[in-house]
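A.B. asks: Protein sequence lines correspond, in order, to chains A and B.
If you're matching positions, the first sequence starts at 1 in the numbering used here and goes up one per residue.
If you're matching positions, the second sequence starts at 1001 in the numbering used here and goes up one per residue.
Take the hints with a grain of salt, since some may be wrong.
Unchecked claim - List time: in silico DSBU-like cross-link candidates among lysine-lysine, alpha-carbon distance up to 30 Å:
| id | chain 1 | residue 1 | chain 2 | residue 2 |
| --- | --- | --- | --- | --- |
| 1 | A | LYS159 | B | LYS1306 |
| 2 | A | LYS116 | B | LYS1306 |
| 3 | B | LYS1306 | A | LYS128 |
| 4 | A | LYS119 | B | LYS1306 |
| 5 | B | LYS1246 | B | LYS1151 |
| 6 | B | LYS1306 | A | LYS175 |
| 7 | B | LYS1238 | B | LYS1067 |
| 8 | A | LYS121 | B | LYS1306 |
| 9 | A | LYS119 | A | LYS159 |
| 10 | A | LYS175 | A | LYS128 |
| 11 | A | LYS71 | B | LYS1306 |
| 12 | A | LYS5 | A | LYS159 |
| 13 | A | LYS84 | A | LYS71 |
| 14 | B | LYS1306 | A | LYS84 |
| 15 | A | LYS128 | A | LYS159 |
| 16 | B | LYS1238 | B | LYS1088 |
Bear in mind the hints are in silico, worked out from the structure with no lab data behind them.
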Amino acid sequence: MIELKHLEKRFQIGDQTVHALDDVSLRIEQGEYISVMGPSGSGKSTLMNILGLLDRANSGDYMLDGINAGKLNEAERTRLRSEKIGFVFQSYHLVPRLTARENIELPMMLSGIAGKARKQKVDDVLAKLDLLDRAHHSPNQLSGGQRQRVAIGRAIVMKPSILLADEPTGNLDSKSGEGVTQLLESLNAEGITLMVVTHDSTLGARANRQLNMLDGRIV
Amino acid sequence: MLWRDIVTFIIHVLSRHRFRTLVLWIAIAIGVVAVNLLTALGEGAKFFILEEFNVLGRNTLITLPGKKETSGGMPPLTGESPRPLTLKDANAVSRLSGVRAVAPIVVGQLEASHAGKIRELLTIGTSRDFFSIRQLGVSQGQILPVLDLNKGEAVCVIGNSSRKELFSNKPALGQWIRLGDTRFRVIGVLKQGGTSFGFDMDDVIIIPVSNAQSLFNVEGLFRLFVEVQAYHQLDTIKGNIVELLKERHEGEEDITVISQDAMLSSVQDILETLTIAVAGIASISMLVAGVLIMNMMMITVSQRVKEIGLLKALGATSSSVRLLFLCEAGFIATVASLSGLLLSHVIILLANLYFVEVQFHSPWWAQSGSILLAVFFAVIFAWLPAQRASMLSPVEALQGKQQKEIA
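Throw the hints in and build the complete structure from the sequences for me.
C.D. replies: Written out as structure tokens, the structure is:
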């Protein structure tokens, strides 16, 4: 469960202060399917970065599953992030020199899980995403849809409670985009909280709950 | 992160960036090879020179005219003294207890001629004991006969090259050589022995000391070699010689007595310093390799900003990002310096096969030192880029921006 109270985030650009988030309060239950929409510069990405523990707010509270995330130091936030949060990016961000399998394995490797335990989990994820025959391909041998599936595999391999997807279909044709969206929705159906940040109103409309942002506020 | 994963990760990175890896590899290996080869050269020279000085044996004392005031270092090779060291002094020294043999030395260059052939030869006037002290043997004939030091005899022993030059392939024994205005009969030819102690013993002519004195018209000796019976008496006898000669020279201490060990140790000190200096100079190449590592790492960090951001988003802490970069530098430095060490061993081995007289070898401190230094420099110089990578903010890094552009 996520709870945001009076969150503020300001950026200094030149001599101008920009309110990326302006008094945002929000409550998200476990297992919700939420879309965040709004024009560029409305604060969507900032909200996602703060929810994803990649960035900190200037003021306000962020409670994640009962933990006050604002009070954690860098190492603690990193750990919490790897345990609770999965990211899906518009441009996949796969490591090009690693195979699909190794890319999925990466978060477990970074958190120091031993090789044997990793193998089983990666196998499960590969089977679930129908990628077993692509496991030893490198990203540049995969189609866009397959790459995004590998990225989703990497996001869920640590069994996070929240999946944050930033324009997950932005770089895909409509057919692969539809496949990726269905995959995300099926994961949501299994209980993971899914938040999709998008410009695409058709994609946004599929969520059970839609947030519209403008000038750092939820409207 | 587990160590095994760190290594796998680094190997992936290094094999992906082959050109960069190769350049770093070569730079570090050259540094290690330079240090090892130059110290091997220094050590080889040291052993070669010490071997040269070693020919006298530990039981030998060298007495020379003139007082050397400062301690340490080499005595003056051509010491001019107001009061010469004479054959009478030599006789007196030979009567001291514990002295086994004395060999007075008078040297100079003289023209030697036989049957119209003329050669400039190093002429050594000495006694029979000289041959045992210098461990010289003859391949033909015999060495100088037993004579009173002040008695002359017109005989000579010649070096092998001298024989070849004056007699070609004809027999030399029993033939006469003219030295200055005196003729000497050849009674022996030295074994081929190479250079030692600055003299090329193949290119000499050895005659009795008193004949040399009259040929050169000198009374004073150039050197007096004294061999003692036992090594433990060396210092006592050294003192006794100084005392005796002081007494004989009207109470003035105007001679210097040195032992081979003393001479060896000062020569050794000089050569040791030289080797270390050479190694130090070679270490500069390591520093250059270190700077190269820093530049390469800086470029890598800029190229891999997105990846670093991703790793951080996926759960890598700042310290593990820094560790990854430091390990990458340390890993390549270790592998490259070990291969550099291997290469220098191969080169030293080949050099030793080729140059038989000088044996090169790289001392253990140069081997371990060069590797430690290479890894140390690599890690130190990678620190700044690694720190920069670890400080990147994941959000900005994922967008491909470096922090300084934002801040």
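A.B. asks: Are the hints correct? Go through all of them and say.
C.D. replies: Verification of the hints:
1. Simply put, LYS159 (chain A) and LYS1306 (chain B) have alpha-carbon atoms about 24 Å apart, close enough for the 30 Å limit, and the pair holds.
2. Simply put, LYS116 (chain A) and LYS1306 (chain B) have alpha-carbon atoms about 29 Å apart, close enough for the 30 Å limit, and the pair holds.
3. Between the alpha carbons of LYS1306 (chain B) and LYS128 (chain A) the distance comes to roughly 28 Å, so the proposed pair stays at or under 30 Å and holds.
4. For the hint pairing LYS119 (chain A) with LYS1306 (chain B), the CA-to-CA distance comes to about 26 Å; that is within 30 Å, so the pair holds.
5. A C-alpha spacing of about 26 Å is found between LYS1246 (chain B) and LYS1151 (chain B), which places the hinted pair at or below 30 Å, so the restraint holds.
6. At most 30 Å may separate the alpha-carbon atoms for a hinted pair to count; LYS1306 (chain B) and LYS175 (chain A) meet this at roughly 28 Å.
7. Using a Cα cut-off of 30 Å, the hinted pair LYS1238 (chain B) and LYS1067 (chain B) holds, with the two alpha carbons roughly 14 Å apart.
8. Between the alpha carbons of LYS121 (chain A) and LYS1306 (chain B) the distance comes to roughly 26 Å, so the proposed pair stays at or under 30 Å and holds.
9. Between LYS119 (chain A) and LYS159 (chain A), the direct Cα distance comes to roughly 15 Å. Compliance with the 30 Å bound is thereby established for this hinted pair.
10. Proposed proximity of LYS175 (chain A) and LYS128 (chain A) is supported: the alpha carbons are some 19 Å apart, at most 30 Å.
11. As the CA atoms of LYS71 (chain A) and LYS1306 (chain B) are separated by approximately 27 Å, the hinted pair is consistent with the 30 Å bound.
12. For the suggested pair LYS5 (chain A) and LYS159 (chain A), the alpha carbons sit about 26 Å apart, so the restraint of at most 30 Å is met.
13. For the suggested pair LYS84 (chain A) and LYS71 (chain A), the alpha carbons sit about 16 Å apart, so the restraint of at most 30 Å is met.
14. A distance of roughly 22 Å separates the Cα atoms of LYS1306 (chain B) and LYS84 (chain A); the hinted pair therefore holds under the 30 Å criterion.
15. With a CA separation close to 13 Å, the supplied pair LYS128 (chain A) and LYS159 (chain A) stays within the 30 Å bound.
16. Proximity of LYS1238 (chain B) to LYS1088 (chain B) is assessed by CA-CA distance (about 18 Å); at most 30 Å being required, the pair is judged to hold.
Every hint, counting from the list given before, is met by this structure.
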